[in-house]
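Chains A and P, in that order, are what the protein sequence lines are. Heads up, the first sequence is in my numbering, so the first residue is 16 and it goes up one at a time. Heads up, the second sequence is in my numbering, so the first residue is 16 and it goes up one at a time.
The hints are simulated quantities; they were obtained by calculation from the structure and are not laboratory data. It is possible that part of the hints are untrue.
The list cannot tell twin chains apart, which means a pair is met if one copy fits it or any two copies do.
[As the list claims (entries may be wrong)] List of simulated lysine to aspartate or glutamate pairs, EDC-like, C-alpha gap at most 20 angstroms:
1) K126 / E140
2) K242 / E167
3) K42 / E227
Protein chains: 2
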Amino acid sequence: MLDAIPDGEPHPWLYRLTRSYPSRPGKALRPALCLAAAGAFGGRPEDAMPAAVSIELLHNAFLVHDDIVDGSLRRRGHATLSAEFGTALALNAGDALAVLSNRVLRHYAHKLDRDLGDRLQSEFEVMALRTLEGQATELGWRHDDVRDLTPEHYLDLIMHKTCWYTSIHPLRVGALLGSGGTADLRPMVRFGFHLGAAFQIQDDLLNLEGDEREYGKEIDGDLFEGKRTLPLIHLAAEATGADRKIVDRYLGLDRSQRTSDLVEEVRSLLDTYGSIEYTRAYAQGIADTAYDTFEEAFAAAEPGPDVDFIRALIPYMLGRRS
Amino acid sequence: MLDAIPDGEPHPWLYRLTRSYPSRPGKALRPALCLAAAGAFGGRPEDAMPAAVSIELLHNAFLVHDDIVDGSLRRRGHATLSAEFGTALALNAGDALAVLSNRVLRHYAHKLDRDLGDRLQSEFEVMALRTLEGQATELGWRHDDVRDLTPEHYLDLIMHKTCWYTSIHPLRVGALLGSGGTADLRPMVRFGFHLGAAFQIQDDLLNLEGDEREYGKEIDGDLFEGKRTLPLIHLAAEATGADRKIVDRYLGLDRSQRTSDLVEEVRSLLDTYGSIEYTRAYAQGIADTAYDTFEEAFAAAEPGPDVDFIRALIPYMLGRRS
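Okay, chain A solo, but in the shape it has when bound (with noise of 0.2 angstroms):
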C-alpha cells in the first residue's frame, strides 16, 4: 500500500501524512475480504490486490477525514493527524488519499477486459457514494437533533455507512475479479450487510467497553460526539423520569457543552436501562441472520480456506477487541 503514496515533496505537509496511517498497524479487514473473496470464486490473489490496495487506501482517507469531523484525537494507538497537524494540513492529506486509492484503481482497470474494468470502477463510485450518504445523514442527524429513532433507522443508516464499504464492496470487488465477471454479486448485499451490521454494532460496544489500548481510539468517544449508536438509541426510547429528561438534554447539547461528569452520567444509564445487554443480545440476532445470507452467498464458491476465512469473520465481528 505504501508504494501507492508518493514519498516527494512537500514531504512534511503533505506526503508524511498521506503515509501515515496506512504506516500505523490495522486490522486490514477490508482488503482481507477483498482477497479472500477472490479465492473463493477461483481467482489468485494477484487478481484482486491492486483493488484490495485501493479498498484501504480510501478507507485511510475516510478515517482521516471522519477524525476531524468527530474532533477524535486517537488513531490506531497514535495521535490523529488532525490533531497532530490542524484540520487544514489533515483535510488536504485525505483528499490526496482519496486521489491515490483512484490512481492505484484505474491503473489496474486499464489492464483488465474493458468491461470488468468498467465495472470494477462503477463498483467504487456506487460505495463511495453509499458512504457518503451514510455518513452525511449521522451528522445530519447530530445536526438537527433527530429524536425517535429506532434500531430500524440505525440499521439503514449503517447499510450506507459502514457495511457498504466494510464487507458489501471488497466481496462483491472480490467476487467480481476472481470469478472474471461471471459470479453473482446480489447475495453479497445481504450477506455483507450482516456482517457490516455486526462488525458495527461491535464497534459501538468496544466504544463504551473497550480497551484504549487495544482499541486505539478513546473510550466513550461516541458519547462525547453524541454519536446515534444502536445503545444510545435504545436508551432514549426507554428512559423514563427524570432519566429521560437527562438523556433528551443530552442529546441537544454541543460537543463542547458534554463535559465528562455528563458523559458518565448518561454512559451509567446505558447499564441501569439494559442498553449494553440489549445491544449485544442484537448483534448475536444479526450474527446468527449473517450465517444464512453466508450460505447463500458463497454456494457457488469453491470450497477453501478462502471460504472458511469468510465464514470465520462472522463470529470474529463479536470476539474482537479491536
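Here the structure of chain A is known, so what remains is to put chain P in place on it, guided by the hints.
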C-alpha cells in the same frame, strides 16, 4: 453540471449541499477554457463537454474544502457551506463532489478510444495531486510560519496550487480531446502557467481592493488568514524598522489573534511600501509573457473564435473585478 449531481436522499444533508455552489453564478472559466481549447484543435464542444463538467465539479469540491480550511464566510455572494451547515456536513459534501466529478469523467472516458480515455483520466489525477501539493505547501508555510519567501517561491506555489487546475489542465484536456490525442500538450504548461499566474495575482489584488459585492468573497480575507500572497511577500521583504516588527509579529499570529485593527495596520503598510503597485506591475509582466507563450501553444491550432477567445483571456485576467 447539475444533471451530474443526484437529487435524492439524504437531500437536506448531502445532495442539497452538493448542488449549492454549482447553482450559484460563477465565471465557469475552467470549462470555458477547456471547450475553447477543444475547438481550437479541431473538436466540437460536445467532445470536451463531459471533461469540462468534470473540471468544474472538482473545482467546486476544492472550493467547499478551501472554505472550511480558510474559515471563509462568503462564496459567490452567499454564505459558504461551512458557515451555513458546519464543518462536518460541508467536508462530506466536498468529498461527494469529488466522487461525482470522477464519475462524469469515467463515463465519458469509457466511450472514447481506450488509450485516449486513459490519458484523459491520467490528466485528471496529475492535476488533482498537483493542486493538493500546492495547497499543502501554502498551508505548511502558515503552519510552520515559514519566512523569507521570495516571488520565486510564490510562483512555484501557485504553479501547483492554482495554475495546474485553473488553466494548464483545462487547456491540455481540451487540446487532447479536440485533436483526438494528436496535439502537443507540452507548450500548454508554459502558457497555462502564465495565464493562471495572472489570474491568481489579480485574485490577490481583488482580495485587498475589490468590491465585496462583485468579488463575492470577504475583502481582506487573505490578510486575516495570513496567506502568503505576493503583496504580503513583498511587504515582508521590504518593511524596515518598526514596520518590520509589525509585519513579523503579524505573520506569527494565529487567525483568531488577527484583529481588524491589526489587519488595517498591515493593509496600510502595503500601501506605504508600494506592495500593491509592485504586485500590479508584476502581474503585467507575467501577462506580457503570456502572449508569447500563447503563440507557441496555439501555433498548430485553427485560427478562429476559439483561439481569439483564449487570447482575449490574457487581458481579461488583469481587468476582472470578480
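A quick look at each hint next to the structure:
1. When the C-alpha separation of K126 and E140 is checked against a cutoff of 20 angstroms, the pair qualifies both within a copy, at 19 angstroms, and between copies, at 17 angstroms.
2. With identical chains, the CA atoms of K242 and E167 are at most 20 angstroms apart within one copy only, with a shortest distance of 16 angstroms there and 48 angstroms across copies.
3. When the C-alpha separation of K42 and E227 is checked against a cutoff of 20 angstroms, the pair qualifies only within one copy, where the shortest distance is 16 angstroms, while the shortest distance between copies is 51 angstroms.
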